[in-house]
Amino acid sequence: MKNKNVSRRTFLKALGLGGAGVLLPGTVQAARQGEELATLLDLSRCIGCGECVYACRESNEYKFPRPEKPFPPMFPKRVKVADWSERRDVDDRLTPYNWLFIQSAEVEHGGNVHEVNIPRRCMHCQNPPCANLCPWGACSREANGIVRINDDVCLGGSKCKNVCPWDIPQRQTGVGLYRKLLPRFAGNGVMYKCDRCFQRVAEGVVPACIEVCPENVQTIGPRAAVVKKAHALAESMNGYVYGEHENGGTNTLYVSPVPFEKLDAAIQKGPGRPGLQPVPNMMEDEENLAMASVLAPVAGVAAGVLGIGAKLIRENEDEE
Amino acid sequence: MKNRTPVTRWFDRVFVVCCSVLAISGLAQMPIFKRYYIADIPGLGWLADFYFTHKTHYIFAAFLLALLAQVLVLWFFRWRTDLKLSGGGMLRVGLLAGIVFTGILRMIKNQPGMSFSPGMTMIVDWAHLGLVLLLGVTAVILAMVKRRAYATWKK
Ligand code: SF4
Ligand code: SF4
Ligand code: SF4
Numbered sequence: 001m002k003n004k005n006v007s008r009r010t011f012l013k014a015l016g017l018g019g020a021g022v023l024l025p026g027t028v029q030a031a032r033q034g035e036e037l038a039t040l041l042d043l044s045r046c047i048g049c050g051e052c053v054y055a056c057r058e059s060n061e062y063k064f065p066r067p068e069k070p071f072p073p074m075f076p077k078r079v080k081v082a083d084w085s086e087r088r089d090v091d092d093r094l095t096p097y098n099w100l101f102i103q104s105a106e107v108e109h110g111g112n113v114h115e116v117n118i119p120r121r122c123m124h125c126q127n128p129p130c131a132n133l134c135p136w137g138a139c140s141r142e143a144n145g146i147v148r149i150n151d152d153v154c155l156g157g158s159k160c161k162n163v164c165p166w167d168i169p170q171r172q173t174g175v176g177l178y179r180k181l182l183p184r185f186a187g188n189g190v191m192y193k194c195d196r197c198f199q200r201v202a203e204g205v206v207p208a209c210i211e212v213c214p215e216n217v218q219t220i221g222p223r224a225a226v227v228k229k230a231h232a233l234a235e236s237m238n239g240y241v242y243g244e245h246e247n248g249g250t251n252t253l254y255v256s257p258v259p260f261e262k263l264d265a266a267i268q269k270g271p272g273r274p275g276l277q278p279v280p281n282m283m284e285d286e287e288n289l290a291m292a293s294v295l296a297p298v299a300g301v302a303a304g305v306l307g308i309g310a311k312l313i314r315e316n317e318d319e320e
Numbered sequence: 001m002k003n004r005t006p007v008t009r010w011f012d013r014v015f016v017v018c019c020s021v022l023a024i025s026g027l028a029q030m031p032i033f034k035r036y037y038i039a040d041i042p043g044l045g046w047l048a049d050f051y052f053t054h055k056t057h058y059i060f061a062a063f064l065l066a067l068l069a070q071v072l073v074l075w076f077f078r079w080r081t082d083l084k085l086s087g088g089g090m091l092r093v094g095l096l097a098g099i100v101f102t103g104i105l106r107m108i109k110n111q112p113g114m115s116f117s118p119g120m121t122m123i124v125d126w127a128h129l130g131l132v133l134l135l136g137v138t139a140v141i142l143a144m145v146k147r148r149a150y151a152t153w154k155k
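These protein sequence lines map, in sequence, to chains Y and B.
Under this note's numbering, the first residue of the first sequence carries the number 1, and numbering increases by one thereafter.
Under this note's numbering, the first residue of the second sequence carries the number 1, and numbering increases by one thereafter.
I should point out that these hints are in silico values taken from the structure, not numbers from a laboratory.
Quick reminder that beta carbons are idealized off the backbone N, C-alpha and C, glycines included.
You may find that some hints are simply not true.
Unchecked claim - Think about it this way: if two alpha-carbon atoms lie no more than 35 Å apart in a straight line, the pair counts; the simulated DSBU-like pairs of lysine-lysine are:
| id | chain 1 | residue 1 | chain 2 | residue 2 |
| --- | --- | --- | --- | --- |
| 1 | B | Lys55 | Y | Lys262 |
| 2 | Y | Lys311 | B | Lys84 |
| 3 | Y | Lys180 | Y | Lys228 |
| 4 | B | Lys55 | Y | Lys161 |
| 5 | Y | Lys269 | Y | Lys69 |
| 6 | B | Lys55 | Y | Lys311 |
| 7 | B | Lys55 | Y | Lys180 |
| 8 | Y | Lys161 | B | Lys146 |
| 9 | B | Lys84 | Y | Lys180 |
| 10 | Y | Lys63 | Y | Lys228 |
As the list claims (entries may be wrong) - Pair by pair, the computed Cβ-Cβ distance ranges are:
| id | chain 1 | residue 1 | chain 2 | residue 2 | range |
| --- | --- | --- | --- | --- | --- |
| 11 | B | Tyr36 | Y | Val294 | 16 to 24 Å |
| 12 | B | Val93 | Y | Lys228 | 45 to 53 Å |
| 13 | B | Ala97 | Y | Ser236 | 54 to 62 Å |
| 14 | B | Leu72 | Y | Ala224 | 36 to 44 Å |
| 15 | Y | Lys80 | B | Ala143 | 35 to 43 Å |
| 16 | Y | Glu61 | B | Tyr36 | 34 to 42 Å |
As the list claims (entries may be wrong) - Covered stretches of chain B (in silico footprint by chain Y; criterion: 3 or more residues with CB under 8 Å from a CB of chain Y, positions within the stretch not fixed):
| id | segment |
| --- | --- |
| 17 | 28-35 |
| 18 | 47-60 |
| 19 | 73-81 |
| 20 | 113-125 |
Given only the sequences and the hints, what does the whole structure look like? Please build it.
Shown next, in the form of structure tokens:
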């Protein structure tokens, strides 16, 4: 995971003047060691210009699905195709061709009306259910905090979307490995979402959406530093933080001058348009059960040593 | 006589129930029960609840680990002198060991702060699934040829 190519210069190379503000101290070191990086989004600065949305598309276009048509007929009939290939320019929700979009809300808070723009994409959870519950090994969390779906392997079963508290991954039918296996009977394409520009980060360049933003809305850095900065920022504006503890902790921290409950109530939600609701740690039970399964063999050994169940063998062969 | 390991019925049943629940909750990790209407059968809706089946898989995996640990101890300290593993037994013990090993890796990966590389994640998942399918096929074949016994009495 270590990457010797990452230097402060390469990370800064792509940034314009003043761009250094988006890079917290320690980022280069952390990236080099494959440590967990997080992003901070200062919502008080976002003007909703959409530059980041277009930069994301441009930078990631080569990863977008190129489905072959006609699609294999699906069995059973209830399996619906998800085809965004004719609607690639939709930019007001998440799609396989749009991994980032801007939500807008007008909310009243503290006697003022705030217009808040919220760039939305995958949160890159610290213990992501999409990766933990993917049965096929297609989705994984990398040491630097990036959660990524491997489009060579994904079968498009959409489970990651079902278990994601924000329903982030989006399906495109007609691409990927399933076409080579049992296209009629298993799988339905590939799931797509923000991969936090893994190829850029690997080379020490900040993600495209961060680089392009004229307002320096986003900051990237080692998670601890980002959390610290988020709190300081929230304090300075008497604001609120989202993403630090949601779903057990994410690597995307939003700081807003208005409470997230109000934003959640004001934004347009629905398919491809995630909310900003409170989210418990979806993997908490499993985290505890894993501890139980460490103790289980100990109990088994103890039972064996104590001779409990030694009689599990039928002494008498004829017993039935 | 050769068709069953000389374990008590009770033990046999616990093992079979444990493995069956693991097989079903494991298969339910693939989004197939909903697609193929099985989760639509009244009373089987839980098969499409990924979190529920995942937790069930963890719980029964813990049971299986306890059971296997107990059997290992009993085997090495008591049974080994009287019983010997059959060929089919050896094969299934090997497959089970692989399944348990990859399952443990998967559990470790799912703990907070643990990251496997994408390639490693894929190998672990495919191996777990592949070994289970192999074990299933092996078990069915051995049952058909009436060689179900893992172990038999030494002469
Ligand atoms: S580029 Fe910056 S200011 Fe413009 S919408 Fe994106 S985050 Fe907001
Ligand atoms: S936000 Fe959803 S898709 Fe992104 S890492 Fe978390 S669970 Fe996965
Ligand atoms: S990090 Fe990269 S992939 Fe993710 S939204 Fe930004 S530009 Fe798109």
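Structure-based check of all given hints:
A threshold of 35 Å between alpha carbons decides the hint, and for B/Lys55 with Y/Lys262 the separation of about 34 Å falls inside it, so the pair holds. A hinted pair counts as satisfied when its Cα atoms are at most 35 Å apart, and Y/Lys311 with B/Lys84 qualifies at roughly 17 Å. Proximity of Y/Lys180 to Y/Lys228 is assessed by CA-CA distance (about 48 Å); at most 35 Å being required, the pair is judged violated. For the given pair, B/Lys55 sits about 18 Å from Y/Lys161 by alpha-carbon distance, which is consistent with the 35 Å threshold.
Straight-line distance between C-alpha atoms of Y/Lys269 and Y/Lys69 comes to about 31 Å, which keeps the hinted pair within the 35 Å bound. This hinted pair checks out: B/Lys55 and Y/Lys311 have alpha carbons roughly 31 Å apart, not beyond 35 Å. A threshold of 35 Å between alpha carbons decides the hint, and for B/Lys55 with Y/Lys180 the separation of about 32 Å falls inside it, so the pair holds. Distance hint between Y/Lys161 and B/Lys146 is unfulfilled; the C-alpha atoms sit about 45 Å from each other, more than 35 Å.
At most 35 Å may separate the alpha-carbon atoms for a hinted pair to count; B/Lys84 and Y/Lys180 exceed this at roughly 45 Å. Taking the CA atoms of Y/Lys63 and Y/Lys228, the gap is near 34 Å; set against the 35 Å cutoff, the hint holds. Between B/Tyr36 and Y/Val294, the C-beta spacing of about 35 Å breaks the proposed range 16 to 24 Å. As the Cβ distance of B/Val93 to Y/Lys228 is approximately 52 Å, the hint placing it in 45 to 53 Å holds.
The beta-carbon spacing between B/Ala97 and Y/Ser236, approximately 57 Å, falls within the hinted interval of 54 to 62 Å. Taking the beta carbon of each, B/Leu72 and Y/Ala224 are about 43 Å apart, inside 36 to 44 Å as hinted. The beta-carbon spacing between Y/Lys80 and B/Ala143, approximately 39 Å, falls within the hinted interval of 35 to 43 Å. Checked against the given bound of 34 to 42 Å, the beta carbons of Y/Glu61 and B/Tyr36, roughly 36 Å apart, stay inside it.
Note: the segment 28-35 of chain B has 5 residues with beta-carbon separation from chain Y under 8 Å; the three-residue rule is met and the coverage holds. Coverage of a stretch by a chain is defined here by at least three residues with a beta carbon nearer than 8 Å to that chain's beta carbons; for the segment 47-60 of chain B and chain Y the count is 6, and the condition holds. Given a C-beta distance limit of less than 8 Å, the hint that chain Y covers the segment 73-81 of chain B holds, as 5 residues qualify and 3 suffice. A count of 10 residues in the segment 113-125 of chain B with a Cβ less than 8 Å from any Cβ of chain Y is obtained; the coverage claim is therefore met, three being the minimum.
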